[in-house]
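A.B. asks: Each chain is listed here by its residues.
There are 4 protein chains.
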Amino acid sequence: MIAVVKNSATTEQKEHLISWIKGQGIEVHISEGHDYTVLGLIGDTSRIDMDLIASLEIVESVKRVAEPFKQCGRKFHPDDTVIEIGNVKIGGGNFAMIAGPCSVESHDQILEVATSVAASGATLLRGGAFKPRTSPYDFQGLKADGIELLLEAKKVTGMPIVTEIMNANHLPLFEDVDVIQVGARNMQNFELLKELGKTGKTILLKRGLANTLKELLMSAEYIMAGGNSNIILCERGIRTFETFTRNTLDLSAVPLLHELTHLPVVIDPSHATGQAKLVEPMAVAAAACGADGIMIEVHNDPLHALCDGAQSLTPAQFGEVARKVMKIREAING
Amino acid sequence: MIAVVKNSATTEQKEHLISWIKGQGIEVHISEGHDYTVLGLIGDTSRIDMDLIASLEIVESVKRVAEPFKQCGRKFHPDDTVIEIGNVKIGGGNFAMIAGPCSVESHDQILEVATSVAASGATLLRGGAFKPRTSPYDFQGLKADGIELLLEAKKVTGMPIVTEIMNANHLPLFEDVDVIQVGARNMQNFELLKELGKTGKTILLKRGLANTLKELLMSAEYIMAGGNSNIILCERGIRTFETFTRNTLDLSAVPLLHELTHLPVVIDPSHATGQAKLVEPMAVAAAACGADGIMIEVHNDPLHALCDGAQSLTPAQFGEVARKVMKIREAING
Amino acid sequence: MIAVVKNSATTEQKEHLISWIKGQGIEVHISEGHDYTVLGLIGDTSRIDMDLIASLEIVESVKRVAEPFKQCGRKFHPDDTVIEIGNVKIGGGNFAMIAGPCSVESHDQILEVATSVAASGATLLRGGAFKPRTSPYDFQGLKADGIELLLEAKKVTGMPIVTEIMNANHLPLFEDVDVIQVGARNMQNFELLKELGKTGKTILLKRGLANTLKELLMSAEYIMAGGNSNIILCERGIRTFETFTRNTLDLSAVPLLHELTHLPVVIDPSHATGQAKLVEPMAVAAAACGADGIMIEVHNDPLHALCDGAQSLTPAQFGEVARKVMKIREAING
Amino acid sequence: MIAVVKNSATTEQKEHLISWIKGQGIEVHISEGHDYTVLGLIGDTSRIDMDLIASLEIVESVKRVAEPFKQCGRKFHPDDTVIEIGNVKIGGGNFAMIAGPCSVESHDQILEVATSVAASGATLLRGGAFKPRTSPYDFQGLKADGIELLLEAKKVTGMPIVTEIMNANHLPLFEDVDVIQVGARNMQNFELLKELGKTGKTILLKRGLANTLKELLMSAEYIMAGGNSNIILCERGIRTFETFTRNTLDLSAVPLLHELTHLPVVIDPSHATGQAKLVEPMAVAAAACGADGIMIEVHNDPLHALCDGAQSLTPAQFGEVARKVMKIREAING
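Protein chains in written order, with this note's numbering: chain H, 1 to 334; chain F, 1 to 334; chain V, 1 to 334; chain B, 1 to 334.
Check each hint, because a few of them may be wrong.
Note that identical chains are pooled: a pair holds if it fits in a single copy or bridges any two copies.
Said to hold, decoys possible - Each computed DSSO-like pair below joins lysine-lysine, with the alpha-carbon atoms no more than 27 Å apart:
| id | residue 1 | residue 2 |
| --- | --- | --- |
| 1 | 6 | 277 |
| 2 | 194 | 89 |
| 3 | 327 | 131 |
| 4 | 75 | 214 |
| 5 | 131 | 63 |
| 6 | 22 | 194 |
| 7 | 75 | 277 |
| 8 | 327 | 75 |
| 9 | 22 | 324 |
Quick caveat, the hints were computed from the structure, so don't treat them as lab data.
Treat the numbers as computed from the prediction; the structure is a model and nothing was measured.
Excised from the complex, chain H in its bound form:
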């Protein structure tokens, strides 16, 4: 960590600051400049409150030089993490096709969607049982029953299942769930992350709407600090001023996260764009820039079927996306 101290500070103030830092067990390397004195802080600076030092009147600025990631950083684990879920692998060159309905609605619905996406190349089945809704008056999901229906679909198709958790107290219900999703709104629900860190479950951690990539990694670090390193990161769009799409998909997150961390990175083009017609172009773009998987909403309900629209694709449309994604992957890997 580097702290730039103004030369308008008195010698006493500077010495006070330096001795405070040393009191935290940190070595201080001092360079006197014309206008500024630069302090190099050497040691385990991850415990130093950077904002506190930055806020001092005598301090011009503070910069953390080393990344604060201890476990998710590429530096400490140079090889790609490969997540294994039954026969399915994600990361390190293994690509995941996660597909399924936004919400689990009924036995027939989930079985029909599951069967058709499996036939089109999906490797994991997604479906919402507990649904985070902006309004308390909106449908909140089938909850425990939804998980049961997903497990039935798993029995029939053999596909591992992915579903969202909103409350650590629900963990017993997720015992047979293969991948537990943490939604964007809970990315910094640190209490939930800590509890998930105590499980051995694979966690699919979605980036928050207004969270930086560093914050996403710090949230992964919360899970890993608890002992669970089975984490898949997911970019699903960030909130910007543009209102044409629901969110703005930040595909540069894929190569950047691959540089910073060994964890696999998947893209959710359905939630990122909120428009079915944008799912295919964004899915193939994700595959082209090296994503480890895509996560796509597929439906079979009559209102959508009629109108051929919505954020969700029909099973046939999903099949077409899957085919094109595979072609792109062959082109870049071939």
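Knowing the structure of chain H, use the given hints to seat chains F, V and B on it.
C.D. replies: Positioned in the frame of chain H, the structure of chains F, V and B alone reads:
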């Protein structure tokens, strides 16, 4: 709700959509235009999934005309809600001065700060016991011990206390806490909101970093839907492209929220700006535009005392802010 | 256009508004609802000031149903526009590879870069002669001399040239320039756009840092309204809260703009990300989602050559990007 | 400037970089750390391209320590600049009340508005003659005739006038204009800024929708570098994700700009919020936090008069705002 249907839609498609809507118990008023057919949806449209209809290919756009707030809306409760906490009132012309340290650190610290802010005009004592931190390696607060120390300070000063909750399972620890704060990162932790709705506690609900005012109100609605209408809203800055301040304080939230809701609105200039020198100007601006209170970080620790900086104010600086805020309030009310 | 009028409005107010609208030559279709009266405005509503009506107390909201694009809209020109510049075509399935240095620095530099990018597959040469710089004390480009050097490089390599204009008074200097670039900061310099509309030059119009896609199209409309429809749109990243990349590249702009307009769309991954290592993944992603071209910074200066870094690529790196982009295009078109 | 060089860099690479920097006339102070070597760059680093160095693979990060402002910085001119326009002063404790219609529409309109705002305490008259409009089909203002009408209103009321320029070629038309406004969209139209720097006119420079405060100051620096230091800065809202208000007014800009620069700072609550009902609360908040003036839209047209709404205030509403602003100023100064 108004849905604009393209005239490129077939008659069958239009009829299918209209009959689906009617099946939800909604009346439909149809206006045929040259390029578009406008459907007016009349009835309890709060249960209709606006995004679903908007996503249909045949639909140009959908607009919710009525606000989806049932309990926090000004329409249903024209008078200002006045929150009473012991002898302290907030809202309806009653102004709250909430002050205290970022984190409770020790018995001496909290008592010293509490006594000094009480003397300067603070009406409630704030202090963090459970701290949401981006990094798992950062100090997470004194937890239950922190609450105990706050309660001791309450005993000495008589000030009601405000402290943050991060996990509904901790609620038993908050039994004697007067105001339970929900932090920005948990604004859409709907499971936590539901549990708080079951208590009779006053909840101070902070706006999320990237949440709209409507989303803030929908989160208040979650608490109210559970039966608890003792809610104070808090604007604490939103995330924007500007990096000079930690966040951008959105003071227009004060008059806008006052129009939309009957709940009181307080401003936290300390977290919004992240800079001590901006706390006073933003606090007086908040008072000028009608806020029902301010929430300010005050410290007494030696590193800060030396340097006279930081996001936190000294007790003396807080006293000066309190004095100016009172002058402003006299000017606008006088 | 649809205006939703509150039923709290008096009959006189409603009639006053309706007669004002009719006075603008617009037909009004009235639907009385329970809480609201919906006015359908039929006719050439592009001249109606939507904000003015929206701002009236008696008006709940206003929505423009028809897009305000008269010339750049896909509706009025269903086929893709194909821009022809000498032998080079852009749009309608023709892909442009635009490459060159950020700034033209010297005769040797531009010739060396031009020759090497031409050999690697570039079809147009870019280079900055007039440079928009945030600071007046930064290098402002070689200006007229820079254009001369670009023209020499064109003579040697045969590649048409692309360079930025900042002042309509400089147009005489651009007489032999093939493609005139309007930078992000000038996207809404309407006076400049009007002057470019009077020329027959191909204009490469970059999206502003905080401009929506609709605003980008309205700026294209300014050029077309003047009689010039030779326009290439360029997405180059938008400003968001994320600080890891210089800007956030919005690739969903490619399919969205293709739906809205017949004009070709190119992507500038160099400026969008500000990091050389991100140029290749974003360039291939752009090709995968259907962009009509990419625009990439290539350098040959010794400081960069040493360090193999920077927003600019070396000619060899550009060659590798070009090769991969072509493979992706074959995969999606094959 | 401080550059942090990774210790993975070879000695040759480090020496190459250091000799390149020295070649720019900059002294380099070297501190070897465990993981990093910190280079302190001493001398006139304003000419060094920070992005170029930051982009090198061997460089971890670069930080500018000194502000790049040479003329607008508070450091070089500790006293507040007081702008004098006829008898009107702005800055250094002098508060400006700028009021008038969005667009100049007719002789009667501008005279009526001018007379009424003068009576209510306005000290400068604003009115748009050249109007920047997103669409080429929207009303573009009365242009030269609009300026003539403003000058007539000046003759009658004695108030100096403020009006926007969009094209440096129009400068001859602005000869008798007292304050030339540069709109948000032209804040980085550097060619226009340079031309305005050659005049002796007072320039009211508005912050761009997505521009940082540092960029605003660099644009002021463009004008000052040309020799004109008669500049008033104006905050008028920034573009964020919140859609309830047209923009988000960033009032923290007032104290921050006052710290960074000696130039006066005014607030435009009308454009920032886009809603008449928010103008008063934001105007008084601006006065409370130390703004040097406010700029408010006032109208007298019949459509607005009927409905008592819009971004613009009636003259009576403006009078009320002016009265409250004065009370606030007395409270903070008294």
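A.B. asks: So, for every hint listed, does it hold in this structure?
C.D. replies: Results of checking the hints against the structure:
no.: 1; hint: 6 with 277; verdict: between (55 Å within a copy, 17 Å between copies)
no.: 2; hint: 194 with 89; verdict: within (25 Å within a copy, 37 Å between copies)
no.: 3; hint: 327 with 131; verdict: neither (34 Å within a copy, 41 Å between copies)
no.: 4; hint: 75 with 214; verdict: within (15 Å within a copy, 35 Å between copies)
no.: 5; hint: 131 with 63; verdict: between (40 Å within a copy, 23 Å between copies)
no.: 6; hint: 22 with 194; verdict: neither (31 Å within a copy, 46 Å between copies)
no.: 7; hint: 75 with 277; verdict: between (39 Å within a copy, 18 Å between copies)
no.: 8; hint: 327 with 75; verdict: neither (32 Å within a copy, 32 Å between copies)
no.: 9; hint: 22 with 324; verdict: neither (58 Å within a copy, 39 Å between copies)
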